[in-house]
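**Student:** Okay, here's what each chain looks like letter by letter:
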Amino acid sequence: MAAVISAAGLARTFRTKHGPVAAVRGIDLTVAEGEILGLLGPNGAGKTTTLRMLTTLLAPTGGTAAIAGHDLASDPVGVREACGYVAQSGGVDAQITVREELVTQGRMYRLTRTRASERAEELADGLGLTGLLGRKTGTLSGGQRRRLDIAMALTHRPRVLFLDEPTIGLDPGSRADLWSLVRRLRDEHGTTVFLTTHYLDEADALCDRLVVVDRGVVAAEGTPSALKLRHGGSTDASLQDAFLAISARQTPKDAQHAAP
Amino acid sequence: MLLHDTALIYGRYARQSLRSRFALLFGVLTPLLYLLFFGPLLTGLPLGARGSSWQVLVPGLLLQLGLFGALFAGFAVIMENGQGVVERMRVTPVSRLALLLGRVLRDATVFVFQAVLLVLAALVMGLRAPLTGILIGFAFVALLTLSLASLSYALGMRVRTPQEFGPLINMVSMPSMLLSGLMLPMSLAPRWLDVLSHFVPFRYLVDAVRDAYVGRYTSPHMLYGVLVAVGFAALSVIVGTRVFRTAGA
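Residue numbers (the numbering used here), protein chains in the order written: chain A, 1151 to 1410; chain B, 40 to 288.
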């Protein structure tokens, strides 16, 4: 399968009062079209920074990446047209109605007013928001809010959907709904989904392949069962065991590079 | 595309303003209080300027409205950053310049609207000035608020918390008001203060609007006022757009 996301040596160093901080040191990865990829790693490993670079929100300080054939540095508009992004915080105004947010979003993707209204109805239909179009976004439940956030990101039928910790704070029922939504997007539309998560059961159940990052570099990658076999000892090991083994193994090696 | 995007962003924020009509009127309260309770004190005083005391005071109050109002525009973007709204917009192909222009044009509209209310109140209090001059005054309010709101959004995108933002703005706004002669003309000032005030850009704007209010449309003050206002606006929009393009560092 063709790679729809490819990154080589992607890096970001932040300048702070206390000197430079390397949040991401050099990430190499490829994601195939239609794949559901999970990006795992401890807090501060550089997951969100990686996502923000791949979605053009943050300029890399090193390396290159391309999304759907559009180079991050030379064609950011092409990248924006090819991808949708749901940040941890979502991104809708609490005082505005669901319909208005969806329509405005459509028009930011240059749909006509009529087309944007139709698209808002379609998305509401597909994501179980139909009865909520007239409500202010601030009155939605956590699960409804998350579905709206995703609807906003799907406005332009992106080939790649980036989700940053999409199920954080959701109840088990809403989480299960979101998982089936992600699978449906892939199965029905061939959408590639790139998500970060701290929930290992989510990574295990939902993702085709996992990339574990630690201290800004890729520490391990493979299918959930391959990671369990390789790092947990057997395919019956829990992903938790594998994850802890990967993080622990990284510590001594990378401690030498930690000093700025 | 820029026009389409700017209109779209403008519409979103204009609807937001219309939803909070109280806030829309509230901004005019402070200059209105000055007009009612400070204005009458000046009527008999020699202000060293042409025209009535109202023709001196009202231009100052118009720019004060812009100065204190538009400088605080950035608060809104701090709230929006918290909700992730700015990032969500920046992931779309929407023009970065439009993200700024749509917002600041909305602000300029709001402040010109408030300026109209203020001038209507001033007419009741006794202001008499040529219509052309009054319209020129509104144009200066628009340019000033466009500039200050751009800088305020740029600051709001950088500092991230209201606790950092408020004190910084106060540090700029109070000295700017006092040093630009908004309340009383700087022609009354001792030499050192008059010289100092020439380093504050708003000084040139208020002088120009005062000239406009007495019908002097081709004076050197007007020329300097226009140059400073247009230059300041261009610079501010460039700074603001740059921040919307690269924000997040």
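The set of hints was computed from the structure by calculation and includes no laboratory data. For each residue, glycine too, the CB sits at the ideal point set by N, CA and C. Worth double-checking, as some hints may not be accurate.
Stated by the list, open to error - If we take Cβ atoms under 8 Å as the criterion, some of the chain B residues that face chain A in the derived model are:
(1) L57
(2) R60
(3) R230
Said to hold, decoys possible - Derived list of chain A stretches under chain B, where covered just means 3 residues or more per stretch with a C-beta under 8 Å from a C-beta of chain B:
(4) 1202-1208
(5) 1221-1233
(6) 1237-1243
**Student:** Could you run down the list of hints and mark each one as holding or not?
**Tutor:** Evaluation of the provided hints:
Of the supplied interface hints, the one on B:L57 is violated, with its beta-carbon coming no nearer than about 12 Å to a beta-carbon of chain A, more than 8 Å. The criterion of a C-beta within 8 Å of any C-beta in chain A is not met by B:R60, whose closest approach is roughly 14 Å, and the hint is violated. Hint on B:R230 is violated. Least Cβ distance to chain A is approximately 42 Å, over the 8 Å limit. Here the segment 1202-1208 of chain A counts 5 residues with a CB under 8 Å from a CB of chain B, which clears the bar of 3, and the coverage holds.
Counting residues of the segment 1221-1233 of chain A whose C-beta sits closer than 8 Å to any C-beta of chain B gives 4, which meets the bar of three, so the coverage hint holds. Evaluation of the coverage hint for the segment 1237-1243 of chain A: fulfilled, as 7 residues show C-beta separations to chain B shorter than 8 Å, against a requirement of three.
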